[in-house]
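Q: Those protein sequence lines, which keep their order, are chains V and F.
In case it helps, the working numbering puts the first sequence at residues 63 to 401.
In case it helps, the working numbering puts the second sequence at residues 63 to 401.
Hints are supplied without guarantee of correctness; some may be wrong.
Put simply, identical chains are the same to the list, so a pair is met inside one copy or across any two.
What the hints assert, rightly or not - Below, simulated DSBU-like cross-link-like pairs (lysine-lysine); rule was C-alpha separation at most 35 Å, straight line: (1) Lys192 to Lys243; (2) Lys194 to Lys213; (3) Lys382 to Lys319; (4) Lys243 to Lys319; (5) Lys382 to Lys315; (6) Lys382 to Lys243; (7) Lys192 to Lys382; (8) Lys315 to Lys213; (9) Lys194 to Lys243; (10) Lys315 to Lys244; (11) Lys244 to Lys192; (12) Lys315 to Lys243; (13) Lys192 to Lys213; (14) Lys319 to Lys194; (15) Lys319 to Lys192; (16) Lys382 to Lys213; (17) Lys203 to Lys382; (18) Lys244 to Lys319; (19) Lys194 to Lys244; (20) Lys203 to Lys244; (21) Lys203 to Lys192; (22) Lys213 to Lys319.
It should be emphasised that the hints constitute simulated quantities derived from the structure, not laboratory data.
Please read all numbers here as calculations on a predicted model, not as lab measurements.
Number of protein chains: 2
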Amino acid sequence: MTMKIPFRAPALAALALCAPLLALAADAKAPKQPSQPPQPPRSSADILATAPAAVWREVDPDNLLVMTLPQGQVFIELAPRFAPAHVDNIRALARGGYYDGLAIVRVQDNFVTQWGDPNADDEDAGIKGKAKPFPAGAKSKIPAEFSIPLKGVPMTVLPDVDGWAPRVGQVDGFPAAADPKKGTSWMAHCYGTVGAGRGNAVDSSTGAELYAVIGNAPRGLDLNITVVGRVLKGMEHLSALPRGGAAMGFYDKPEQKLGIERVALASALPAEQRPALQVLRTDTPTWQELLNARRNRGGWFVHSPGYTDLCSAAVPVRVKPSPGPDVKLNEPKSPETRR
Amino acid sequence: MTMKIPFRAPALAALALCAPLLALAADAKAPKQPSQPPQPPRSSADILATAPAAVWREVDPDNLLVMTLPQGQVFIELAPRFAPAHVDNIRALARGGYYDGLAIVRVQDNFVTQWGDPNADDEDAGIKGKAKPFPAGAKSKIPAEFSIPLKGVPMTVLPDVDGWAPRVGQVDGFPAAADPKKGTSWMAHCYGTVGAGRGNAVDSSTGAELYAVIGNAPRGLDLNITVVGRVLKGMEHLSALPRGGAAMGFYDKPEQKLGIERVALASALPAEQRPALQVLRTDTPTWQELLNARRNRGGWFVHSPGYTDLCSAAVPVRVKPSPGPDVKLNEPKSPETRR
Numbered sequence: 063m064t065m066k067i068p069f070r071a072p073a074l075a076a077l078a079l080c081a082p083l084l085a086l087a088a089d090a091k092a093p094k095q096p097s098q099p100p101q102p103p104r105s106s107a108d109i110l111a112t113a114p115a116a117v118w119r120e121v122d123p124d125n126l127l128v129m130t131l132p133q134g135q136v137f138i139e140l141a142p143r144f145a146p147a148h149v150d151n152i153r154a155l156a157r158g159g160y161y162d163g164l165a166i167v168r169v170q171d172n173f174v175t176q177w178g179d180p181n182a183d184d185e186d187a188g189i190k191g192k193a194k195p196f197p198a199g200a201k202s203k204i205p206a207e208f209s210i211p212l213k214g215v216p217m218t219v220l221p222d223v224d225g226w227a228p229r230v231g232q233v234d235g236f237p238a239a240a241d242p243k244k245g246t247s248w249m250a251h252c253y254g255t256v257g258a259g260r261g262n263a264v265d266s267s268t269g270a271e272l273y274a275v276i277g278n279a280p281r282g283l284d285l286n287i288t289v290v291g292r293v294l295k296g297m298e299h300l301s302a303l304p305r306g307g308a309a310m311g312f313y314d315k316p317e318q319k320l321g322i323e324r325v326a327l328a329s330a331l332p333a334e335q336r337p338a339l340q341v342l343r344t345d346t347p348t349w350q351e352l353l354n355a356r357r358n359r360g361g362w363f364v365h366s367p368g369y370t371d372l373c374s375a376a377v378p379v380r381v382k383p384s385p386g387p388d389v390k391l392n393e394p395k396s397p398e399t400r401r
Numbered sequence: 063m064t065m066k067i068p069f070r071a072p073a074l075a076a077l078a079l080c081a082p083l084l085a086l087a088a089d090a091k092a093p094k095q096p097s098q099p100p101q102p103p104r105s106s107a108d109i110l111a112t113a114p115a116a117v118w119r120e121v122d123p124d125n126l127l128v129m130t131l132p133q134g135q136v137f138i139e140l141a142p143r144f145a146p147a148h149v150d151n152i153r154a155l156a157r158g159g160y161y162d163g164l165a166i167v168r169v170q171d172n173f174v175t176q177w178g179d180p181n182a183d184d185e186d187a188g189i190k191g192k193a194k195p196f197p198a199g200a201k202s203k204i205p206a207e208f209s210i211p212l213k214g215v216p217m218t219v220l221p222d223v224d225g226w227a228p229r230v231g232q233v234d235g236f237p238a239a240a241d242p243k244k245g246t247s248w249m250a251h252c253y254g255t256v257g258a259g260r261g262n263a264v265d266s267s268t269g270a271e272l273y274a275v276i277g278n279a280p281r282g283l284d285l286n287i288t289v290v291g292r293v294l295k296g297m298e299h300l301s302a303l304p305r306g307g308a309a310m311g312f313y314d315k316p317e318q319k320l321g322i323e324r325v326a327l328a329s330a331l332p333a334e335q336r337p338a339l340q341v342l343r344t345d346t347p348t349w350q351e352l353l354n355a356r357r358n359r360g361g362w363f364v365h366s367p368g369y370t371d372l373c374s375a376a377v378p379v380r381v382k383p384s385p386g387p388d389v390k391l392n393e394p395k396s397p398e399t400r401r
């Protein structure tokens, strides 16, 4: 076989796209049966390409964590709405250069990639003593932030059932859930979700040890640990790492442990180094058209479930100005936006 | 920080285990609120360790595909119940050494890793001409096998709602779904699911091009393509590969393309080379105890959803005799069985 991309791009494109395209469903009246309309709706790529600038929001540089690894950069948007204390602490840790020189210590297949100082948030004095000192401004004890009051949370609710929570949807572009009876809302564990590792004490996390979901959505973690944000770009630098050979995917070979060169807030970087990442607003007609276009596809598809799940409905991310080879779009669950 | 595994294993173990442990739910009466019973049920590891041999079934060597890559071996169980024509063809292709020397050509983050000959199942004559010839016994045209009649399918039904299908559960250890009204059943796309790539024609797949799911379950693919089985062991050899830089994750750098040394049926290997893989039977009290133990955990967990989704309920796999360093358990979604 040749090394070039196969000629049958259309079919492969469909195969590549059907995950996000079939995943989203907004119109409850959409046909459950195969449909190949003579004039199919615009593709998601076309919709995004022609959407007005106003449907995109700039990512606040104070909420954008830039982690530089030997193989590339990972961009994480923090969610102060859901985890204000943790986000403040992570900002303080980043500003103080705390993460610089630490490493990725764990990669468990189909679960999480974890980095930082695993000794930092342990209750054991013997271990605590081995922890890397915190910089000024960072706290060694902050409250658990598993959920927030639902009142006032601007959720773009998904119409489809979710077995894990009474209500799910997008909040500020983050996958989230809510329980109207309890009046609570929280961020959900989807591919790319970033959380703060903790010990047995619910308030033992500080942000000194973070993890990103690299496999099937472990929604069972929801409400059991503090979620601090999601990866907007660079997931492949966390998901394609060698899996750890020790229990729970911890690295047992020194050469496997990947050093973190630097973790900085975008706001602390020189203007020319700040990535111009934008996240699609979900309170827009564009998002709704995207949902409908994704649900009503014909062509390659012969079955449309007329349904989506929260983690298959990731909100598109783009880099502005127009992406070049080195800053191509990389929204984990919307590969078509990468074209 | 040190290079050794952090001392706070209990907490990390809980973090590592909660995905599969919280994921499964069998008892509708289980408390929705936090529970820390003074005497928690046995752990999943204990249950599996003490289960009678009868709860494990040997994998039929005629259904076990062994793919040898430079970095290790991937073991795929084929599902003749769901895709008899494709499984027969894949057996013929493997017996004829068809896959040997082909390569992994595509790795799209949070979607699939694909291998084989991308030209083999294309309708375009120009491309078809570039396809690697099939060995004797392999057919270039077989029917699409997107679903089978539900009647007689031995499904261990999951009690929890699934938005993608009216009914879901385990069949022969494979994640599956069913539509009682239509009287159909099919395999679902979960982490580790293996399918046969196709062109625009539903019957253009032959098994010459295969893919494995390496990200969040792309259930939207269900009923749109022929699923042939699932990876039982060695997922990390497919999931940790560098992502492709071209559209849809195709490799654009020759040095990235990973050559396949050999793909053989276990039945074609010398007895001493056959992996003794076993899959837990789901029609057993052990499976039910596993579900209950996973649902009723206390300790690290402060919230239990009392729910699972199909793809979080992967059936445990083990290697018998007792695993050594080189044949450790590696069931994608049940990391605790790896201890």
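Q: My question is about Lys244 and Lys319: at a cut-off of 35 Å on alpha-carbon distance, are they close within one copy, between copies, both, or neither?
A: The answer is neither: 42 Å in one copy and 51 Å across copies each exceed 35 Å.
Q: Checking an output row: Lys382 and Lys213, CA cutoff 35 Å. Within, between, both or neither?
A: For Lys382 and Lys213, only the intra-copy Cα distance (33 Å) is at most 35 Å; the inter-copy one is 54 Å.
Q: Given a CA cutoff of 35 Å, do Lys203 and Lys192 count as a within-copy pair, a between-copy pair, both, or neither?
A: within (17 Å within a copy, 63 Å between copies)
Q: If the cut is 35 Å between Cα atoms, do Lys315 and Lys213 qualify within a copy, between copies, both or neither?
A: neither (48 Å within a copy, 51 Å between copies)
Q: Since the copies are identical, ignore which copy is meant and state whether Lys203 and Lys382 lie within 35 Å (CA to CA) inside a copy, between copies, both or neither.
A: Intra 38 Å, inter 46 Å, cutoff 35 Å: neither.
Q: Within a copy, between copies, both or neither: which one fits Lys203 and Lys244 at a CA-CA cutoff of 35 Å?
A: within (27 Å within a copy, 56 Å between copies)
Q: Quick one: Lys319 to Lys194, C-alpha cut-off 35 Å, is that within a copy, between copies, both, or neither?
A: Within one copy, since 17 Å is at most 35 Å while 40 Å is not.
Q: How would you classify Lys194 and Lys244 at a CA-CA limit of 35 Å: within, between, both, or neither?
A: Close neither inside one copy (39 Å) nor across copies (60 Å); limit 35 Å.
Q: With identical chains treated as interchangeable, where does the CA-CA distance between Lys315 and Lys244 reach 35 Å or less: within a copy, between copies, both, or neither?
A: neither (46 Å within a copy, 52 Å between copies)
Q: At most 35 Å between CA atoms: does that hold for Lys192 and Lys243 within a copy, between copies, both, or neither?
A: neither (44 Å within a copy, 61 Å between copies)
Q: Taking 35 Å as the upper bound on the Cα-Cα distance, should Lys194 and Lys213 be classified as within, between, both, or neither?
A: For Lys194 and Lys213, the Cα distance exceeds 35 Å both inside one copy (38 Å) and across copies (61 Å).
Q: If the cut is 35 Å between Cα atoms, do Lys382 and Lys315 qualify within a copy, between copies, both or neither?
A: So Lys382 and Lys315 pass the 35 Å test across copies only (26 Å; inside, 39 Å).
When the structure is compared with the earlier hints, violations turn up for hints 1, 2, 4, 6, 7, 8, 9, 10, 11, 12, 13, 17, 18, 19 and 22 and for no others.
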